[in-house]
Amino acid sequence: MKTKRAMILVSNDPESIRLGANKLIYSLNKALAAYNLQDEVDVSTITDVNRSNVLPLVIVYPEAVVYGPVKPEDAHLLIEEHLYKGRIAANLLAPPKQLTGLIGSLRTHRGYNPAEQRIVLERAGRIDPENIEECIAANGYEALGKALTAMTPESVIDIIEKSGLQGRGGAGFPTGRKWRFVRAAPGEKKYIVCNADESEPGTFKDRIVLEGDPHVILEAMAIAAYAVGADEGYIYIRGEYGLAFRRIEKAILQAEEFGFLGKNIFGTDFNFKIHVHAGAGAYVCGEETALLESLEGKRGEPRARPPYPVTHGLWNKPTVVNNVETLANIPAILRNGAEWYRSFGTPSSPGTKVYTIMGNVNFSGVIEVPMGITLREVINIYARGMKPGSTLKLAQTGGSSGSIIPAVLQDTPMDFESFRKAGVSLGSGALLICDQHTCIVDLAKVLLQFFRFESCGKCTPCRVGTSRAFEIIERISQGKGRLEDLDALPNIAGEMERASNCGLGQTASVPIRDMLKHFRTEVEAHIRLGSCPTGVCQFMEEPENSQKISNF
Amino acid sequence: MIAPPVENEVVAVVQAAIDKHGKKRDALIPILSEVNKKLGYIPGEAFRAIQQMLHNPAEQVRISEGQLYGLASFYDMLSTKPRGKHVIKFCENAPCHVVGGKAVWDALREKLNLNNGGTTLDSKWTLVTTSCIGLCSVGPVLLIDDDMYGNVTPEQISDILKHYE
Chain A
0 MKTKRAMILV
10 SNDPESIRLG
20 ANKLIYSLNK
30 ALAAYNLQDE
40 VDVSTITDVN
50 RSNVLPLVIV
60 YPEAVVYGPV
70 KPEDAHLLIE
80 EHLYKGRIAA
90 NLLAPPKQLT
100 GLIGSLRTHR
110 GYNPAEQRIV
120 LERAGRIDPE
130 NIEECIAANG
140 YEALGKALTA
150 MTPESVIDII
160 EKSGLQGRGG
170 AGFPTGRKWR
180 FVRAAPGEKK
190 YIVCNADESE
200 PGTFKDRIVL
210 EGDPHVILEA
220 MAIAAYAVGA
230 DEGYIYIRGE
240 YGLAFRRIEK
250 AILQAEEFGF
260 LGKNIFGTDF
270 NFKIHVHAGA
280 GAYVCGEETA
290 LLESLEGKRG
300 EPRARPPYPV
310 THGLWNKPTV
320 VNNVETLANI
330 PAILRNGAEW
340 YRSFGTPSSP
350 GTKVYTIMGN
360 VNFSGVIEVP
370 MGITLREVIN
380 IYARGMKPGS
390 TLKLAQTGGS
400 SGSIIPAVLQ
410 DTPMDFESFR
420 KAGVSLGSGA
430 LLICDQHTCI
440 VDLAKVLLQF
450 FRFESCGKCT
460 PCRVGTSRAF
470 EIIERISQGK
480 GRLEDLDALP
490 NIAGEMERAS
500 NCGLGQTASV
510 PIRDMLKHFR
520 TEVEAHIRLG
530 SCPTGVCQFM
540 EEPENSQKIS
550 NF
Chain B
0 MIAPPVENEV
10 VAVVQAAIDK
20 HGKKRDALIP
30 ILSEVNKKLG
40 YIPGEAFRAI
50 QQMLHNPAEQ
60 VRISEGQLYG
70 LASFYDMLST
80 KPRGKHVIKF
90 CENAPCHVVG
100 GKAVWDALRE
110 KLNLNNGGTT
120 LDSKWTLVTT
130 SCIGLCSVGP
140 VLLIDDDMYG
150 NVTPEQISDI
160 LKHYE
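Residue numbers (numbering that gives the first Met the number 0), protein chains in the order written: chain A, 0 to 551; chain B, 0 to 164.
Incorrect hints may appear among the rest.
Unchecked claim - Below, a sample of chain B positions facing chain A; criterion: calculated Cβ distance under 8 Å:
1. 20
2. 24
3. 25
4. 28
5. 65
6. 68
7. 75
8. 77
9. 81
10. 96
11. 120
12. 127
13. 132
No wet-lab data here; the hints were simulated from the structure. Keep in mind the model is a prediction, meaning the values are calculated, not measured. C-beta atoms are modelled at their ideal positions from N, C-alpha and C, and glycine is treated no differently.
With the hints as extra help, turn the sequences into a complete structure.
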């Protein structure tokens with residue numbers, strides 16, 4: 000079988016056919032023949048493209064460039080430009096989808112930079128993080144004072160619940176409900192734990208908060224403690240974040256000096272003490288029960304659940320475990336109210352989200368925008384487009400345990416509900432944008448290598464599953480894949496999902512599933528044709544007696 | 000018999016770490032981190048010393064040497080083996096990988112003639128890979144001791160290593 004170098008997909012839903020899709024396919028084939036490309040390029044059809052205003056639609060792979068509407072008389076130009084000369088036919092490109100309206104109304108307040116809505120990062124970068132007075136001048140600790148002097152613990156929880164704030168660590172659990180569980184849990188002693196063990200690859204949003212505005216975390220933890228009835232809190236910072244650790248340590252001293260932490264805060268009988276604890280390098284400690292084990296001075300192996308930390312957490316006491324970004328929302332919600340918070344984002348996912356953007360784009364860094372904007376908007380507006388010569392092939396959301404999103408899904412709104420419906424995960428908010436030079440097998444190999452390395456080894460499905468899956472994908476990347484691997488991989492993925500003890504093993508299957516779901520042809524090319532379509536994987540001929548040598 | 004001076008030094012370091020972090024069970028990881036930082040790794044004598052100083056059933060603190068070794072081997076930043084004078088940590092995760100990380104890694108290995116986890120014969124360099132260190136906007140990233148280097152290219156490797164002559 001001959002390898003095709005490109006694939007053209009033409010929409011052939013009834014509306015496209017009415018607008019001349021069949022004639023277009025005929026013209027495309029004719030134009031291919033005119034350039035003698037008919038053996039190198041395939042033309043096929045696709046339905047349900049969800050872009051009714053630009054039909055008939057043409058998508059050219061492997062670059063996933065979307066053209067539309069394309070008329071039959073445009074076929075010749077498209078083939079000549081894109082497939083013969085190898086450049087994008089710019090005047091035929093489909094217009095990007097309209098702005099969602101969520102970012103259409105945002106203010107631009109940072110020179111020429113695109114507009115953002117900063118709640119979590121409101122002070123980060125604007126104040127001296129080591130000076131509590133600058134923080135106070137910018138509304139710092141105002142919300143804590145309001146809560147302690149003018150509100151009951153129940154009314155604090157009510158506001159957080161009404162605001163619809165969901166956990167920003169990746170799972171999206173409603174924060175208000177979590178607090179209510181802990182408040183209702185029996186027992187005198189309760190804890191607040193801030194999960195600052197940010198180790199999801201590609202995620203550094205929490206580092207920006209910890210380094211840029213440490214007091215917002217202290218204030219939010221004190222509010223949480225007041226709401227649930229705790230008097231002690233821990234911040235677990237990953238060991239690699241030295242600067243964040245020193246700034247939090249300093250901030251705690253300053254807050255104690257100013258009477259925002261310690262005994263009789265704001266002249267009330269509320270006491271709260273915060274300890275800070277440095278991790279020692281283990282990805283799995285970002286899982287909340289593993290983090291609690293590590294805080295207790297043990298190996299960070301996740302506990303069996305239930306019971307959940309809300310009833311049996313640190314030292315078996317009821318414990319709130321909240322992510323840094325989640326906590327950083329709390330003071331602003333108390334200051335401005337739940338209605339204000341709900342004015343950002345979507346009804347099912349209110350508020351903003353901090354994203355970290357990186358990869359083959361012109362701008363890498365942190366942005367904070369309302370929930371629900373699309374990936375296309377992030378790339379075109381905030382990342383200032385792909386690098387010259389790059390076209391979007393896929394994006395990886397939410398670090399290693401997030402989803403691999405092919406270019407065709409880039410118009411899905413990024414909020415918890417829409418992503419759930421599309422079967423992808425928002426995760427921690429990392430957006431790794433990859434261009435056409437990225438090989439899906441190579442990427443999956445890197446991701447599985449990560450999981451294999453970071454699996455804590457406590458439960459068998461994860462320990463063995465990540466290793467086996469890595470070996471198989473590595474084999475495919477070396478040109479030694481077998482067709483039965485395509486069945487073995489989903490089997491391993493299924494076992495890991497069903498039987499793993501914690502989120503690490505359960506989500507290690509995601510890259511495998513997404514690879515086979517969206518890029519199966521590319522994987523098959525490695526196995527069937529013995530070639531890597533992007534040229535990333537290097538296939539080495541093995542000497543015949545290599546097996547013998549290694550056994551010896 | 001007088002204990003060899005090396006052991007004395009280890010005990011002193013352990014003692015200082017315990018004085019700083021306390022004698023509770025939840026101080027174990029900070030104590031091990033401190034010892035690792037001072038000595039470059041955690042030798043067997045250190046486990047023995049920590050066990051002897053902290054194990055106190057009367058106070059409900061029960062610790063064995065095996066547990067301590069289990070802790071040290073679990074966490075990536077703790078080492079139970081001696082390492083070189085400078086430790087190079089190279090991020091091998093996807094964000095650094097897609098912006099040219101592999102070429103940098105190959106250049107590093109070639110320059111030092113080391114594989115992952117190896118130490119040079121003169122004990123100057125140890126080369127290890129690490130998981131994401133949160134500097135993804137400037138990948139590929141590497142860490143030498145506590146110094147961070149971003150946007151690294153294969154050509155820069157020699158220049159970067161020269162700083163540590």
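Structure-based check of each hint:
| no. | hint | verdict |
| --- | --- | --- |
| 1 | 20 | violated, 10 Å |
| 2 | 24 | holds, 4 Å |
| 3 | 25 | holds, 4 Å |
| 4 | 28 | holds, 5 Å |
| 5 | 65 | violated, 12 Å |
| 6 | 68 | violated, 11 Å |
| 7 | 75 | holds, 3 Å |
| 8 | 77 | holds, 6 Å |
| 9 | 81 | violated, 18 Å |
| 10 | 96 | holds, 5 Å |
| 11 | 120 | violated, 25 Å |
| 12 | 127 | violated, 11 Å |
| 13 | 132 | holds, 5 Å |
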